[in-house]
Amino acid sequence: MTPPPASHDPYGNSVDEYGHEGDQPLVRPYAMTGGRTRPRYQLAIEALVSTTADPAHLATLLPEHQRICHLCREVKSVAEVSALLSMPLGVARILVADLAEAGMVAIHQPGNGETGGTPDVTLLERVLSGLRKL
Amino acid sequence: MVAGGFGVGKTTFVGAVSEINPLRTEAVMTSASAGIDDLTHTGGKTTTTVAMDFGRITLDQDLILYLFGTPGQDRFWFMWDDLVRGAIGAVVLVDTRRLADCFPAVDYFENSGLPFVIALNGFDGSQPYQPEEVREALQIGPDTPIITTDARHRADAKSALITLVEHALMARLK
Numbered sequence: 108m109t110p111p112p113a114s115h116d117p118y119g120n121s122v123d124e125y126g127h128e129g130d131q132p133l134v135r136p137y138a139m140t141g142g143r144t145r146p147r148y149q150l151a152i153e154a155l156v157s158t159t160a161d162p163a164h165l166a167t168l169l170p171e172h173q174r175i176c177h178l179c180r181e182v183k184s185v186a187e188v189s190a191l192l193s194m195p196l197g198v199a200r201i202l203v204a205d206l207a208e209a210g211m212v213a214i215h216q217p218g219n220g221e222t223g224g225t226p227d228v229t230l231l232e233r234v235l236s237g238l239r240k241l
Numbered sequence: 044m045v046a047g048g049f050g051v052g053k054t055t056f057v058g059a060v061s062e063i064n065p066l067r068t069e070a071v072m073t074s075a076s077a078g079i080d081d082l083t084h085t086g087g088k089t090t091t092t093v094a095m096d097f098g099r100i101t102l103d104q105d106l107i108l109y110l111f112g113t114p115g116q117d118r119f120w121f122m123w124d125d126l127v128r129g130a131i132g133a134v135v136l137v138d139t140r141r142l143a144d145c146f147p148a149v150d151y152f153e154n155s156g157l158p159f160v161i162a163l164n165g166f167d168g169s170q171p172y173q174p175e176e177v178r179e180a181l182q183i184g185p186d187t188p189i190i191t192t193d194a195r196h197r198a199d200a201k202s203a204l205i206t207l208v209e210h211a212l213m214a215r216l217k
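Sequence order for the protein chains is A and B.
Going by our numbering, the first sequence opens with residue 108, and the numbers climb by one from there.
Going by our numbering, the second sequence opens with residue 44, and the numbers climb by one from there.
Just so you know, these hints were derived from the structure itself, not from any lab.
Ideal Cβ positions, reconstructed from N, Cα and C, are used throughout, including at glycine.
Where hints are given, some of them may not hold.
[As the list claims (entries may be wrong)] Short derived list, chain A residues pointing at chain B, Cβ under 7 Å:
no.	residue
1	Ala151
2	Glu153
3	Pro195
4	Leu196
5	Pro217
6	Pro226
Isolated chain A (complex conformation):
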């Protein structure tokens, strides 16, 4: 597990990011999570993650945590963390939750807290006007 190169567009490098068909990861996915299969709290798949950690502290983190911190210098969703770092969604959720707990990343959960997640009217209007402007 090597950290990604420092400066590249993660989306432009999908071949490198994904590896090749048939490549098996060297570490079984849930080894990275210490065997846990449930995060400490439930992260939405579309929750946004952005790195808040001081770069000087990154070196002390586990390699997988470092990769997430590198990736999320630009805001990414949990789904993107999973896809771009080639880890199952469940693993990405746990690792991101760990980082959030340690204060290394900020998480923006969608919707208005725990209201069942239904987007409110203001949000729908913003989305609508945004789509029309595309």
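Got chain A; can you put chain B on it based on the hints?
Just chain B now, kept in the frame of chain A:
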């Protein structure tokens, strides 16, 4: 969310409007499944990888819309529950030559109460059936929009999303 039967064009649709090439995320599931798979050799447990393609559209400095294509196999409905939370709604893509393929998605969204629109996917406007014929065949209520689309074209996909958000907004304002 973008739903519909296997091979109906969900990822094509996502790719047409997404600002990034569609990405794929995978969830590994271990489930004790009864009567679905041949479990002769696995002792009652099965591990399945469910893949889901998605894209993103940045609508504003602080507003990002994610488009998730649902896994094509309806037996993975439990993953949809995860997606439905926080979702604005669903575009159900329909190939009218294989109408039955969309039944699980339509049933699911009707039951979950998530706003959805039916988008008949046809190449360059070729549609063997009229939307109202499909409405009758699917037994869809008059409130649910049925539109025609070409999932390869950005303008069509964008217009389908606008119809969906308008519909979701109407549903909220009722």
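Status of the hints after comparison with the structure:
The interface hint given for Ala151 (chain A) is met, as the beta carbon of that residue sits about 5 Å from the closest beta carbon of chain B, less than 7 Å. A least Cβ separation of about 5 Å between Glu153 (chain A) and chain B falls short of the 7 Å threshold, and the interface hint therefore holds. For Pro195 (chain A), the suggested interface contact is upheld, since its CB lies about 5 Å from the closest CB of chain B, less than 7 Å. A least Cβ separation of about 4 Å between Leu196 (chain A) and chain B falls short of the 7 Å threshold, and the interface hint therefore holds.
The beta carbon of Pro217 (chain A) is positioned within 7 Å of a beta carbon in chain B (closest approach about 5 Å), and the interface hint is therefore held. At a threshold of 7 Å, the smallest CB-CB gap from Pro226 (chain A) to chain B is about 5 Å, leaving the interface hint in force.
Every hint from the earlier list agrees with this structure, and none is contradicted.
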